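Asker: Put chain B on the given structure of chain A with help from the hints.
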Amino acid sequence: MSTSRRLDPVLLLALPAVLYLAIIYGVPLMMLLGRSVLSGGTPSLAPFAAFLSDPFSWTVIGNTLRIAVLVTLLCLLIGYPTALALSRARGATQALILVAIILPLSVGVVVKAFAWQIVLRRDGVVSQLMMGLGLWSEPQRLLFTEAGLVIGAANVFVPFMVLPIYSVLKLVDPRLGEAAATLGASPLYRFFKVALPLSLPGIVTGVAFVFSMAASMYVIPNLLIGDRFQTLATLTGRSFLFMRNEQLGSTTAVVLLVLTVAVVVGSAALSKRLGGAS
Amino acid sequence: MSQGFLSVAGAAKTFGAATVLDGVDLAMARGEFVSLLGPSGCGKTTLLRIVAGLMRPDQGRVALDGQDITMLPPHRRDVSVVFQSYALFPHLSVAENVAFGLRARGAPSGEIAPAVRRFLDLVQMGAYAERSIKALSGGQQQRVAVARALVVGPKLLLLDEPFSALDRKLRETMQIDLKRLLREVGTTAIFVTHDQDEALTMSDRIAVMHRGRIEQLDTPAAIYAKPATPFALGFVGLSTRLAGTVTDSTDGIVTVATQAGPLRGPGHFLPGSPVLLGVRPERITLDHGGANRIEAPLADAAFQGARVQLHFQAPPDGQILVETPSLPAAAGPGTSLKMSWAIDDTLVYPAPAEAA
Chain A
1 MSTSRRLDPV LLLALPAVLY LAIIYGVPLM MLLGRSVLSG GTPSLAPFAA FLSDPFSWTV
61 IGNTLRIAVL VTLLCLLIGY PTALALSRAR GATQALILVA IILPLSVGVV VKAFAWQIVL
121 RRDGVVSQLM MGLGLWSEPQ RLLFTEAGLV IGAANVFVPF MVLPIYSVLK LVDPRLGEAA
181 ATLGASPLYR FFKVALPLSL PGIVTGVAFV FSMAASMYVI PNLLIGDRFQ TLATLTGRSF
241 LFMRNEQLGS TTAVVLLVLT VAVVVGSAAL SKRLGGAS
Chain B
1001 MSQGFLSVAG AAKTFGAATV LDGVDLAMAR GEFVSLLGPS GCGKTTLLRI VAGLMRPDQG
1061 RVALDGQDIT MLPPHRRDVS VVFQSYALFP HLSVAENVAF GLRARGAPSG EIAPAVRRFL
1121 DLVQMGAYAE RSIKALSGGQ QQRVAVARAL VVGPKLLLLD EPFSALDRKL RETMQIDLKR
1181 LLREVGTTAI FVTHDQDEAL TMSDRIAVMH RGRIEQLDTP AAIYAKPATP FALGFVGLST
1241 RLAGTVTDST DGIVTVATQA GPLRGPGHFL PGSPVLLGVR PERITLDHGG ANRIEAPLAD
1301 AAFQGARVQL HFQAPPDGQI LVETPSLPAA AGPGTSLKMS WAIDDTLVYP APAEAA
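Listed in order, the protein sequences are those of chains A and B. Start counting the first sequence at 1; every next residue gets the next number (the numbering used here). Start counting the second sequence at 1001; every next residue gets the next number (the numbering used here).
It should be emphasised that the hints constitute simulated quantities derived from the structure, not laboratory data. Owing to the predicted nature of the structure, the values given are computational and were not obtained by experimental measurement. Hints should not be assumed to be uniformly reliable.
Straight-line C-alpha distance at most 25 Å; calculated DMTMM-like pairs for lysine to aspartate or glutamate [what the hints assert, rightly or not]:
hint, chain 1, residue 1, chain 2, residue 2
1, B, K1226, B, E1184
2, B, K1226, B, D1167
3, A, K193, B, E1130
4, B, K1338, B, E1282
5, B, K1226, B, E1282
6, B, K1155, B, D1218
7, B, K1169, B, E1111
8, A, K193, B, E1096
9, A, K170, B, E1096
10, B, K1155, B, E1130
11, A, K193, B, D1078
12, B, K1226, B, E1323
13, B, K1155, A, E178
14, B, K1134, A, D173
15, A, K272, B, E1130
16, B, K1134, A, E146
17, B, K1226, B, D1317
18, B, K1134, B, D1167
19, A, K272, B, D1218
20, A, K193, B, D1167
21, A, K112, A, E146
Some but not every residue of chain B turned toward chain A, in silico, with C-beta under 7 Å [as the list claims (entries may be wrong)]:
hint, residue
22, L1054
23, P1074
24, V1081
25, G1101
26, A1104
27, G1267
28, F1269
All residues carry an ideal CB built from backbone N, CA and C; glycine is no exception.
So here's chain A without its partners, still in its complex pose:
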């Protein structure tokens, strides 16, 4: 406490990034915020009231949250075991899994969309597989459905779930699991009482990444589900690009921002509570 609170000169190294973000992101964001509450020159919350009183807006908000939550859950479900395997793997196996996770990031979304069409259409791979397994009685189209959107989006975002969880898990001492085992803990008990609580920071980061990206994605819904299904992000895009309604666009953008930040901050706080309580 006796040391003076002078700025560490090393912190100045963050200056380029801070300036860059301030100019490229911060200023336009403030302008957007300003536009959303300034109708006709006077500050007012009327645009928000108008937006929130429209039932269609609630459908859009519901769509956005539902898709983002489902994508996040799917990524967590696929990503956590992958991260666990990655943290245990050694040498060539580990390198192979890492490449398999990171390499697809270099393939653009538009290219991926072609793959999804092959997989998700009525006579696609998934449909044929489900028919072959006897789970579906007739071929079904996943393309242009919410399920298809969730599957496709999870495909893009899963690395952002795996990597933060992996980076936390690899720092967890493997002796902890062994110690738990020799104390009489079954594999399931070890997972829920040791590995899972210790990897919570990674889960929170992964969830924050994937949720905010899935809530604000614009290109993927356009390619996978089309105009009939609107989220806050696609509605924002339409407002600016097609409807030329900057007021509505600013309003939807701010609603999306507030929702995303609330969920990310809320989940971090929740996990801190859970981690501290058990």
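Answerer: Showing chain B alone in chain A's frame:
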């Protein structure tokens, strides 16, 4: 597999081309404290992990308390481990760490708190129950790890170099505390260490391990007095060592030609055999009263409090070391001194083939 509370029979393990355990047998009685002593890479930790169930042997069986546990997973063995790094759960408090094993075994919740308190008191950590693990010193963490391992009442406690991260003074206190605690609780324990002093202080018996085998399994006193192999002689305690060739063998006494002169010792070897002679340094006196007499120039004297350790100039393949209560008057580096010891104090081994 009938004999012993713990019995390991023919345990073998290879990693790739390296044979880490080469057919190890070990039998222990209930309540016994056995140390696995050896240099790093001798297989002692591998043997410990096999007994704990953290590793499967390629061959061999492990039985505990009359039950074959070779294929049993670690959580069903009732074998607790204190790890070298302690492996305490960083997200749990001291008390929660100690309670972990009881909770995992589904102990009635009313029994957990009193048991935790009792074992924290036993290791003198009762005042720290609600502390975070990160707030503890190394010695305190070690105590918590011991309490956590013992509270579940294991059939067998395994300790993997638990003192190696502590400074020397603390280590000595902890050794005495741990030995007393284990006697109080009546736990059977295997203690892995590369520190001969630790093994000699704490153990009922010591298993000297070398290259994946147990070279000698005996009481500390017996291993010190009669090391079974040149490795045990060199690893446990200090010794004077001289190489030579047998020239005569009569009535169980061999005469050996060494660069320091002819020396005699008990043994049965054919004349012409290359052998290694060993003598414990405190068995040598600085006079010519014993039957084996040599003379060598003093190289260095190390004062050790109650005793003085004298290093002499020796032939290249040996060493001459003497421990006496005091340094002879007027002796300095280079002074040639007479010394001798009894035939019965001489240890004779076949010359180690691995010299190359």
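Asker: Quick check: which numbered hints come out false for this structure?
Answerer: 1, 2, 7, 10, 16, 19, 20, 27, 28
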